[in-house]
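S.K.: Protein chains in written order, with numbering that gives the first Met the number 0: chain A, 0 to 170; chain B, 0 to 250.
No lab work stands behind these hints, which were simulated from the structure alone. Here a beta-carbon is modelled for each residue, glycine too, at the ideal position from N, C-alpha and C. Treat the hints loosely; a few may be bogus.
Said to hold, decoys possible - If you want the ones that stay clear, here's a sample from chain A, every Cβ over 10 Å from chain B, calculated: (1) D7; (2) G59; (3) A64; (4) G81; (5) L83; (6) D87; (7) L159; (8) T163.
Said to hold, decoys possible - Sample of chain B residues facing chain A (criterion: CB under 7 Å; computed from the structure): (9) T96; (10) E107; (11) A170; (12) L173; (13) S174; (14) M181; (15) P192; (16) G193.
What follows is the residue order along each chain.
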Amino acid sequence: MAQAFFMDDLEILNYALTLEHLEAAFYVQINAAGVLTGDAASYFATIGEHETAHVTALTGAISGAGGTPVAARASYNFDALGDLSTADGILAAAEILEATGVAAYNGAGPEISDSSILSTAGAIVQTEANHVAIIRVLIDPDANPVPDAFPEAMAPQDVLDAVTPLLGPEA
Amino acid sequence: MFSRSNNDRTAAMMSRPMSRRTLLKGSLTMGAGALALGALGSTPGGRFMLLNVPSVAAAQLDTDIDILNYALTLEYLEADAYAAINDAGILSGRAATYFTAFGGHEAEHVAAITQTIQALGGTPVTKPAFDFSGVPTEPAAVVEFFQQVEAVGASAYHGAAPSVQNADVLAAALSIHANEAMHAAALADLVAPGTTLFSPAAFATPRTPDEVLTIVGPWLPSGGGAAPGAPATGGGGMALRQQRGGQLDVR
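Next up, chain A with everything else stripped away, as it sits in the complex (with noise of 0.2 Å):
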């Protein structure tokens, strides 16, 4: 395989926790905003609820390991994913965000050393595949919610790439 981008499972969680924080804090945006109604509300709330649960869980786990788990930002950029103020402006972005999820937990998988890690990013990264398929359902529901049989992975550097313009000042 490629090189190691991290140096320990801590850093790996940290990236973690680096997404989770974005995204918890985008369906608190999204979910206070109530532009969405109906069926997409109602899985929106229970996305929010993951994504928050991923946070403590990972914050906990750094900090039990003796490691300092990183802060979420005091804001995020989420208007650089499109226009919120619309649900198919929201749904796009959370498409984006949770596909983005999947393919960095899959691609640092590898990396991991601790079996009992990686079978916690694999409780997590499970949640995060159900979570971009009833979005691309919601987007629209007749379509193949899943194009691919193998989604792909990102490097982290690439997924890094990705979200650095979506992150706020440090708090």
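Could you slot chain B onto chain A? The hints should help.
M.R.: Frame of chain A; chain B shown alone:
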């Protein structure tokens, strides 16, 4: 559900009560021309293994090739099940769209895993002669059933992935894991739209091979008296276990 004893479970799997068939509605026969057996056996210690011959001697899931053959068996099962439903033409609309796409994915997984096993110098297991005579035929029940199958498939990859040694094999397993989880979520929108079925918990629960094989056991040939190459008959296979109107017992 079976008892907690592995030995008891083995006995139960090998002697699926035929009376259970009386619970089943309709049938989708795919046994004709089916090939060799994928038998289940157990060690004295009670650990389940997949065998590509009906013998008590088998490898445990200790190596990547063992894990890949375990995955291959599950993918064979999914691919054949989708093919049976899609060939039967009983779905329409969104369900038909999803099933056509997802069935194609499972066939791709079969091909890729087979090639990987061969590339690693292993021998892919032969496709078992699955018995799908108990698969529901009413469209809503079909979709509900496959939603559960996909969720079990995802949990199987989740459970097995940490045991994989080869990083490339692991990367492939993680990719398939995500794909199966996407299938499960999409089908959930057909089964129970607007509910949490698409993603029931913030942290998914993995299943061990033992747990997965207990769930899918009813699909597999009974193996008890059959020999490799023996003609698959309706009576030789196990009925798909159904409870609560067509659900897998996946608690």
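S.K.: Of all the hints numbered above, which does this structure not satisfy? Sort the numbers upward.
M.R.: No numbers; nothing is violated.
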